[in-house]
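Number of protein chains: 4
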Amino acid sequence: MNKEKEKAITALKTSKGQIEGIIKMIEDGRYCIDVSNQIVAASALLKKANMLILKQHLNHCVKEAFLNNNGEEKVDEIIELLSRISSK
Amino acid sequence: MNKEKEKAITALKTSKGQIEGIIKMIEDGRYCIDVSNQIVAASALLKKANMLILKQHLNHCVKEAFLNNNGEEKVDEIIELLSRISSK
Amino acid sequence: MNKEKEKAITALKTSKGQIEGIIKMIEDGRYCIDVSNQIVAASALLKKANMLILKQHLNHCVKEAFLNNNGEEKVDEIIELLSRISSK
Amino acid sequence: MNKEKEKAITALKTSKGQIEGIIKMIEDGRYCIDVSNQIVAASALLKKANMLILKQHLNHCVKEAFLNNNGEEKVDEIIELLSRISSK
Numbered sequence: 001m002n003k004e005k006e007k008a009i010t011a012l013k014t015s016k017g018q019i020e021g022i023i024k025m026i027e028d029g030r031y032c033i034d035v036s037n038q039i040v041a042a043s044a045l046l047k048k049a050n051m052l053i054l055k056q057h058l059n060h061c062v063k064e065a066f067l068n069n070n071g072e073e074k075v076d077e078i079i080e081l082l083s084r085i086s087s088k
Numbered sequence: 001m002n003k004e005k006e007k008a009i010t011a012l013k014t015s016k017g018q019i020e021g022i023i024k025m026i027e028d029g030r031y032c033i034d035v036s037n038q039i040v041a042a043s044a045l046l047k048k049a050n051m052l053i054l055k056q057h058l059n060h061c062v063k064e065a066f067l068n069n070n071g072e073e074k075v076d077e078i079i080e081l082l083s084r085i086s087s088k
Numbered sequence: 001m002n003k004e005k006e007k008a009i010t011a012l013k014t015s016k017g018q019i020e021g022i023i024k025m026i027e028d029g030r031y032c033i034d035v036s037n038q039i040v041a042a043s044a045l046l047k048k049a050n051m052l053i054l055k056q057h058l059n060h061c062v063k064e065a066f067l068n069n070n071g072e073e074k075v076d077e078i079i080e081l082l083s084r085i086s087s088k
Numbered sequence: 001m002n003k004e005k006e007k008a009i010t011a012l013k014t015s016k017g018q019i020e021g022i023i024k025m026i027e028d029g030r031y032c033i034d035v036s037n038q039i040v041a042a043s044a045l046l047k048k049a050n051m052l053i054l055k056q057h058l059n060h061c062v063k064e065a066f067l068n069n070n071g072e073e074k075v076d077e078i079i080e081l082l083s084r085i086s087s088k
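Chains as they are written, first to last, in the working numbering: chain V, 1 to 88; chain F, 1 to 88; chain L, 1 to 88; chain B, 1 to 88.
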C-alpha cells in the first residue's frame, strides 16, 4: 500500500473515532454548537482522506492512462467526482 | 431527546459504518474513484447531521435567547460556525 | 440600509470586479491554476456576502418571528438554504 | 481558445450578471432568503467555471507533463488548489 493510502486510512480512522465521540456528546446533552464544531472537524478529515486518494490516483492510474493515450475518460471521471465533492 | 437529535445520531451511525467500509475498500485495493465516491457519501451524512443539530438549536436555544433579549450572541456563534461549515 | 447589508454589497462588488479580471485572464491565455485560484477567491467573497445577509436576517426577521411565536417556519427556510449553501 | 474555456467564460459572465442583480435586490430591500438563494446560484456558476478550467488543464498541461515525466509537480499544484476549492 502506498504512502497516501496509509495516510488516508489514518485520517478515516481518526474521523471514525471522532464520530463515536460526537454521538456520545449528543446523548450526554452537550451544547449544540460544540457538537456542530466536532462534526465540522470530522468532515475536514474525510476531505483530507479524499484528497490523498485523489493525489495517488492522479499520480498512478491517470498517469498510466495518459501514457497509453486514453486519459480523457479518467479525467471525465475525476471532474464528475469533483463536482460532487465540492458540492457536499 | 428530541426528534432532530435522534435523526442526527442515526445519520452519524450510518456515516461511521460507511467509513469502516471505506477503510476496508482501501485495504482491499478497490478502485480509487469508487473509494472517493464513498467518502463523499459519508461526508454528506455528516452535513445532514449538522443541519439537524443546527435546526433544533435555532428552534430551542436561539428562540429562548431572543425571548430573553440576548439572541445576538447566539447569532454570532452560529455565523462563526457556518463560516467554518461552508468552508470544509 | 443596515451595516451588514452595506458590507455584503461591498463584497459583491469586489467579487464582480474579480470575475471581470478572471474573464480577461482566460482570454489572455493565462495559466489555468492561476485562473482557478482567482475563481476560488471570488467564490469566497460570495460566501462572505451570504453570511452577512444571513446574520442580519437572523437578528431581525427571525428574532421578530420568534417574538411573534411563528419562528419555526423561518428556521425551516434557513435550514433549507444552508443545505444548499454548504452544498455549492 | 478551446471549448471548455469558452464555456467557462459564459458561466463567468452569467455569474457576473447575477451578482449585479443581487446588488440591486439588496438595495431594493428584497427578502433576505431570496437574496441568499441568488448568491448560492451565482456561486454554483463559479464552481462550474472552475471545473471546466480544471478539466482542460488536466487534458492538456497535465497530460503533457506526464508524457515528459514531470507530472508529479502538476498533481501537487492541483491537489493544493482542490483543498482550497472544496474549502470555500
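Quick caveat, the hints were computed from the structure, so don't treat them as lab data.
We put the beta carbon where it would ideally sit given N, CA and C, even for glycine.
There may be inaccurate statements among the hints.
[Said to hold, decoys possible] Footprint (simulated), chain L over chain B, 3 or more residues, beta carbon under 8 Å:
| no. | segment |
| --- | --- |
| 1 | 1 to 11 |
| 2 | 14 to 22 |
| 3 | 40 to 49 |
| 4 | 55 to 68 |
| 5 | 72 to 81 |
[Stated by the list, open to error] Mimicking DSS-like on lysine-lysine, the simulated pairs with C-alpha atoms at most 30 Å apart in a straight line are:
| no. | chain 1 | residue 1 | chain 2 | residue 2 |
| --- | --- | --- | --- | --- |
| 6 | L | Lys48 | F | Lys48 |
| 7 | F | Lys74 | V | Lys74 |
| 8 | L | Lys74 | F | Lys5 |
| 9 | L | Lys74 | F | Lys74 |
Each hint tested on the structure:
Counting residues of the segment 1 to 11 of chain B whose CB lies closer than 8 Å to any CB of chain L gives 4, which reaches the minimum of 3, so the coverage claim holds. Counting residues of the segment 14 to 22 of chain B whose beta carbon lies closer than 8 Å to any beta carbon of chain L gives 5, which meets the minimum of three for the stated coverage. As drawn, the segment 40 to 49 of chain B meets chain L at 7 residues by the rule of a beta-carbon pair under 8 Å; at three or more, the given contact holds. With 3 residues having a beta carbon nearer than 8 Å to a beta carbon of chain L, the segment 55 to 68 of chain B meets the requirement of three or more and the stated coverage holds.
Restraint check on the segment 72 to 81 of chain B versus chain L: 3 residues with Cβ-Cβ distances below 8 Å, three needed, restraint holds. As the CA atoms of Lys48/L and Lys48/F are separated by approximately 22 Å, the hinted pair is consistent with the 30 Å bound. Among the hinted pairs, Lys74/F with Lys74/V is inconsistent with the structure: their alpha-carbon atoms are about 46 Å apart, more than 30 Å. Between the alpha carbons of Lys74/L and Lys5/F the distance comes to roughly 20 Å, so the proposed pair stays at or under 30 Å and holds.
A distance of roughly 16 Å separates the Cα atoms of Lys74/L and Lys74/F; the hinted pair therefore holds under the 30 Å criterion.
The structure is inconsistent with hint 7 alone, although it conforms to all the rest.
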